[in-house]
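Q: Take a look at the letters that make up each chain.
2 protein chains.
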Amino acid sequence: VDFLTKLNTSARERDSWLCVGLDPVVEHLPVGLPGRAAGVVEFCSRIVLATAPYACAFKPNIAFFEALGADAFAILKDVVDSVPDGIPVILDAKRGDIGSTAEMYARAYFDELGVDAVTVNPYMGWDAVRPFAERPNKAAFVLCLTSNQSAESVQMLPVEGEPLFLRIAEMVASWGISCGLVVGATRADMIAAVRARCREQVLLIPGIGAQGGDLKRSVELGAWQGGGGALINASRSLLYASGGEDYAEAAAAAAVELRADISRCQPST
Amino acid sequence: VDFLTKLNTSARERDSWLCVGLDPVVEHLPVGLPGRAAGVVEFCSRIVLATAPYACAFKPNIAFFEALGADAFAILKDVVDSVPDGIPVILDAKRGDIGSTAEMYARAYFDELGVDAVTVNPYMGWDAVRPFAERPNKAAFVLCLTSNQSAESVQMLPVEGEPLFLRIAEMVASWGISCGLVVGATRADMIAAVRARCREQVLLIPGIGAQGGDLKRSVELGAWQGGGGALINASRSLLYASGGEDYAEAAAAAAVELRADISRCQPST
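Protein chains in written order, with this note's numbering: chain F, 1 to 269; chain G, 1 to 269.
Read the hints as simulated data drawn from the structure, not as lab findings. Heads up, some of the hints might be wrong.
[Stated by the list, open to error] Not close to chain F: a few residues of chain G, all C-beta gaps over 10 Å, as computed: (1) Asp-15; (2) Val-31; (3) Ala-72; (4) Pro-122; (5) Ala-128; (6) Arg-135; (7) Arg-197; (8) Ala-253; (9) Gln-266.
[Claimed, not checked] Simulated crosslink set (EDC-like; lysine to aspartate or glutamate; CA at most 20 Å straight-line): (10) Lys-77/G <-> Glu-66/G; (11) Lys-77/G <-> Glu-42/G; (12) Lys-77/F <-> Asp-111/F; (13) Lys-138/F <-> Glu-112/F; (14) Lys-6/G <-> Asp-71/G; (15) Lys-77/F <-> Asp-15/G; (16) Lys-77/F <-> Asp-23/F; (17) Lys-77/G <-> Asp-23/G; (18) Lys-216/G <-> Glu-66/G; (19) Lys-77/F <-> Asp-111/G; (20) Lys-77/G <-> Asp-71/F; (21) Lys-77/G <-> Glu-66/F.
We put the beta carbon where it would ideally sit given N, CA and C, even for glycine.
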């Protein structure tokens with residue numbers, strides 16, 4: 001089944017457009033968990049288990065796993081394997097490489113790790129996106145307008161009267177629906193212009209919660225007509241909802257609440 | 001000692017602006033080498049040893065090591081450790097990440113692995129470069145104009161009358177000399193414009209050899225006034241110069257030749 005169908009099905013079954021970001025930091029794990037590798041796997045897989053009824057996707061950030069050292073890939077694989085069948089996993093890797101290098105990443109992430117999609121950087125053009133986007137049933141999420149402060153200095157450069165990120169959006173639209181876009185909630189007002197150029201694509205929207213992005217406007221402006229397609233990512237606000245031993249239950253409660261908030265903001269049909 | 005001094009010293013001592021790229025592919029290793037990990041370490045460290053008298057820098061590509069699986073980082077570390085003191089190592093990682101993620105990469109690459117510089121993607125702006133460039137004695141090489149085919153579709157977009165990559169070059173110039181730039185030899189004619197904006201920075205120039213870039217013009221246009229500063233990278237043409245058991249000697253012979261070609265093209269003072 002293709003990525004978009006899998007995501008749509010998962011979203012419909014859970015009545016949710018919430019994506020749970022998995023960014024584990026060993027120093028922030030609740031006390032009582034075993035050390036390093038085992039602790040991260042237990043923490044993440046319990047978060048996954050608790051939030052899976054309310055999250056239509058999961059997004060592990062590979063850098064947080066790489067920081068764990070030699071067995072990083074094995075730990076990440078255990079976490080990916082803990083995600084129930086039918087829920088797509090988007091690997092946040094922000095890769096931007098070409099040719100055989102990108103091919104190697106695609107093989108490692110899709111075949112060995114078994115994720116469904118990867119985030120990629122558009123600076124090198126289609127060459128860097130294709131190895132991910134052209135895989136059957138897989139997808140690439142292209143960085144378009146990111147939520148960090150200095151993003152503007154590049155992404156808002158004026159290209160023939162419009163900001164660079166809109167030209168990127170236009171390109172991504174031409175690459176087809178196996179490409180989604182990453183658009184930060186911290187720049188919610190600009191999401192409408194991206195959606196206008198990419199009517200059928202999924203927008204992955206980080207930056208609500210800790211980063212202070214505007215959830216309401218992100219969903220209103222980012223959703224498809226009739227709702228859906230604006231995938232709201234939350235990481236820290238769910239992972240560390242309580243910070244105590246009840247972290248999984250607290251994450252689930254926070255996910256239920258956020259799912260409701262997202263639903264409430266969907267455009268009515 | 002700061003990165004630029006280390007590189008300059010290495011270049012002067014060896015009378016060379018050649019950078020040897022380490023992109024090992026298990027399937028291409030000469031016969032007679034042990035399997036996977038051990039074979040890659042032996043292959044790369046013998047290449048390093050044989051070419052170190054003629055190469056002012058080495059550039060391992062992290063993706064080629066990651067493809068080796070679980071012990072990728074250990075293998076890469078063995079290869080980095082095989083580089084003689086005084087020769088800088090540039091890790092080709094093309095990372096483009098921010099905040100704590102970029103910090104984690106910087107810690108892993110600089111502190112644990114011990115490399116001197118990392119290639120980074122400029123699409124997210126200074127936030128994604130700073131964690132690498134601001135480390136004392138370390139450096140970041142920012143992708144500016146890459147040698148792949150579809151690079152143009154993004155990097156040549158017109159920003160107020162000039163191509164995007166020149167705006168990136170201008171930004172990098174303002175970030176200081178702990179930032180270098182990556183400019184492909186396949187677009188040698190455009191190197192002059194980058195050099196005009198970044199007079200003191202090092203240009204890392206891949207794309208000669210297998211990719212068919214123009215060595216002569218790359219050095220002529222990319223070098224500092226008086227010569228130097230255009231760091232010519234060669235990978236496959238050295239690594240697989242013979243393809244046989246004499247691969248290290250063949251790589252050394254090819255390095256000697258390329259070093260001479262580079263020297264011959266330096267602008268005279």
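Q: Which hint numbers doesn't this structure obey?
A: 3, 4, 5, 14, 15, 18, 19
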